[in-house]
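Q: One letter stands for each residue in the lines below.
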Amino acid sequence: MTVAAAIDNGASHLLEVEHVSKFFGNVVALKDVSARVDAGEVTCILGDNGAGKSSFIKIVSGVHRHDEGRMLVDGEDVHFNSPRDARARGIATVYQDLAMCPLMSIWRNFFLGEEPTKWRGPFSRLDVSFAKRTAREQMAQMGIDVRDPEQPVGTLSGGERQAVAIARAIYFGARVLILDEPTSALGVKQAGIVLRYILQARDRGVGVIFITHNPHHAFPVGDHFILLNRGRVIGDYEKGKVSRDELVRQMAGGAELDELTDELEGLTASE
Amino acid sequence: MSTAAVPPAASDERLVEIGLGKRLLTRPDIGAFVGAIAVFLGFSYFAREVNWFGDPAIWASWTDQAAQYGIIAVPVALLMIGGEFDLSAGVMIGSSGLLLGYLGTHADMNIWPAMVIVLLFGLTIGFLNGITVVKTRLPSFIVTLATFFILQGVNAALTLKLTGQTAIQDIDAADGFESARRWIASEITQYDFKLKVIWWIGLTIVGAWLLSKSRLGNWIYGAGGDPVAARNIGVPVARTKVMLFMMTSGVASLMGIIEALELRSMQSQEGIGLEFIFIICAVVGGCLLTGGYGSVIGTFFGAAMLGMVQLGIVFAQWDSNWTFTFQGVILFLAVVLNTLIRNRAQKAR
Numbered sequence: 001m002t003v004a005a006a007i008d009n010g011a012s013h014l015l016e017v018e019h020v021s022k023f024f025g026n027v028v029a030l031k032d033v034s035a036r037v038d039a040g041e042v043t044c045i046l047g048d049n050g051a052g053k054s055s056f057i058k059i060v061s062g063v064h065r066h067d068e069g070r071m072l073v074d075g076e077d078v079h080f081n082s083p084r085d086a087r088a089r090g091i092a093t094v095y096q097d098l099a100m101c102p103l104m105s106i107w108r109n110f111f112l113g114e115e116p117t118k119w120r121g122p123f124s125r126l127d128v129s130f131a132k133r134t135a136r137e138q139m140a141q142m143g144i145d146v147r148d149p150e151q152p153v154g155t156l157s158g159g160e161r162q163a164v165a166i167a168r169a170i171y172f173g174a175r176v177l178i179l180d181e182p183t184s185a186l187g188v189k190q191a192g193i194v195l196r197y198i199l200q201a202r203d204r205g206v207g208v209i210f211i212t213h214n215p216h217h218a219f220p221v222g223d224h225f226i227l228l229n230r231g232r233v234i235g236d237y238e239k240g241k242v243s244r245d246e247l248v249r250q251m252a253g254g255a256e257l258d259e260l261t262d263e264l265e266g267l268t269a270s271e
Numbered sequence: 272m273s274t275a276a277v278p279p280a281a282s283d284e285r286l287v288e289i290g291l292g293k294r295l296l297t298r299p300d301i302g303a304f305v306g307a308i309a310v311f312l313g314f315s316y317f318a319r320e321v322n323w324f325g326d327p328a329i330w331a332s333w334t335d336q337a338a339q340y341g342i343i344a345v346p347v348a349l350l351m352i353g354g355e356f357d358l359s360a361g362v363m364i365g366s367s368g369l370l371l372g373y374l375g376t377h378a379d380m381n382i383w384p385a386m387v388i389v390l391l392f393g394l395t396i397g398f399l400n401g402i403t404v405v406k407t408r409l410p411s412f413i414v415t416l417a418t419f420f421i422l423q424g425v426n427a428a429l430t431l432k433l434t435g436q437t438a439i440q441d442i443d444a445a446d447g448f449e450s451a452r453r454w455i456a457s458e459i460t461q462y463d464f465k466l467k468v469i470w471w472i473g474l475t476i477v478g479a480w481l482l483s484k485s486r487l488g489n490w491i492y493g494a495g496g497d498p499v500a501a502r503n504i505g506v507p508v509a510r511t512k513v514m515l516f517m518m519t520s521g522v523a524s525l526m527g528i529i530e531a532l533e534l535r536s537m538q539s540q541e542g543i544g545l546e547f548i549f550i551i552c553a554v555v556g557g558c559l560l561t562g563g564y565g566s567v568i569g570t571f572f573g574a575a576m577l578g579m580v581q582l583g584i585v586f587a588q589w590d591s592n593w594t595f596t597f598q599g600v601i602l603f604l605a606v607v608l609n610t611l612i613r614n615r616a617q618k619a620r
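Chains P and U are the protein sequences, given in the same order.
Residue 76 in the working numbering is what sits at position 76 of the first sequence, and the numbering runs on without skipping anything.
Converting from the second sequence to the working numbering requires adding 271 to each position, the first position being numbered 1.
With the rest of the complex left out, here is chain P (with noise of 0.2 Å):
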């Protein structure tokens, strides 16, 4: 974590939510959550489904403003008021959908609001050739060789869009990447290589929040570990001050596990 302790003296964080709290009506959504996440590291957001993480991910994106609480960029009290004033500190999300056409060329899709330009006023053109290499350098940073940068990003696998999204952030300048459940619709192989690109953009010095149902594919990544449930913490972890199993248990509800567990082994016992 040398990029981590560099930048990090000490005081601020790149990015830190304190007690910050969501309320929908009179919905509880989010109450008293904190978390940070600093260059070269993963914090690792674990809940179930309600368990809060889309709330965390739509504050911290953006999307909603918190009612209680402070977030901070570098230290500083931020407010969003839209996606756009979160990107433009560096705070880049990646959605489940991937925000991903699927029938665009993957150049197309890499560029999609932000389209290079040659040429000025009614002349001004796309650039495509500088679209189509740095698409495909960019993706070879991440470790994939796109040979035809025409192809339909529909063509790729689930793992590779999920890279070329996290590419695309990390080129536009994402000094934190959100990752809404990158590994939740994939199977295990591929679940394996987006994890791979998570560690990828962790040492190319971005701050990773990694939003995840699976202690398993957390815990071989995640620097931190911030459980959530009902929208509030209960558990807050760092790197090896936790086992893989006692996430298990605590993201299944621990108490809760043991009894259905109790409950099953009865269950089959009787039959």
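Since the hints were made in silico from the structure, they are not lab data.
Quick reminder that beta carbons are idealized off the backbone N, C-alpha and C, glycines included.
No incorrect hints appear here.
Here are the simulated distance ranges between beta carbons: (1) Pro220/P / Leu604/U: 50 to 56 Å; (2) Pro507/U / Gly50/P: 32 to 38 Å; (3) Trp454/U / Asp97/P: 45 to 51 Å.
Examples of chain P residues lying across from chain U (beta carbon under 10 Å, computed): (4) Pro83; (5) Arg108; (6) Phe111; (7) Thr117; (8) Arg125; (9) Val128; (10) Gly154; (11) Arg168.
Only pairs whose alpha carbons sit at most 27 Å apart, straight line, appear in this in silico DSSO-like list of lysine-lysine: (12) Lys118/P / Lys484/U; (13) Lys58/P / Lys239/P; (14) Lys31/P / Lys239/P; (15) Lys58/P / Lys406/U; (16) Lys189/P / Lys239/P; (17) Lys118/P / Lys132/P; (18) Lys484/U / Lys132/P; (19) Lys31/P / Lys58/P; (20) Lys31/P / Lys241/P.
Based on the hints, put chain U in the right spot on chain P.
A: Same frame as chain P, now just chain U:
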């Protein structure tokens, strides 16, 4: 910071070389191209009573018909790739031509400033269509169907009220008419090739360039491919769609002007029914009904194909009612082919 630490993740097995044939089959415009050639060759046989293959006058007549379809089919295709429909594109020809006729005859305007007003009228209708679709999030099919019926009624009622007839005649009495006609809607060779054909080719080139080489083109693909994703990533989806509606109505107005100049009069029913022909051209050209995919070049060949069918049936001396059946068959085959191409393009390996 070591990127070398992570080995490339088995990239080779997942990227196979694609042969030329397969590559062509993922192109949206190939079907229309092959289809147009097939129809041309077909009528070379069925219409062998005339010199379908080599008579310039026959080429002039079917290209005239194809241009009639193809000019507006260009923005309609872009709009479809952008994920929307415009069913008012046909009736707008009538509205615009009638407005030009009214301004030129009853309001005694010079035809040149009158044309500017007509184009502004077209852009305004397009803007209203677009802003309504974007703001209400209603399907554009419904919104523009309403525009279609509203304008159809207005065209018929106002024309009757003004002239006591179902058409505005003698538009050529207007000042500047002949010069406008010469530059915009005349015949260019001894075989009566229409200047319209140049408009058709020119607009196709502009449209194809916009789609493949401009930022707007990328936004059009994005807006139609996945509007939510495109918006999340920073594409001005609403603005792009409104612009596409304005383009469509604007070009329909241009077509209205061209027809009014060409025919020197305008029927109040003009253009009605063509809205679906434009959509057929776009679909034949490879545009998906769901948006996000398609081709302006393909649409060009789609229009050429429909133009040939229309005239070919006449020259082959078949009952012209078969035209509709042909159009239906072509549409059906095109949709089937598009679906195959789309599935191929989208299939994850």
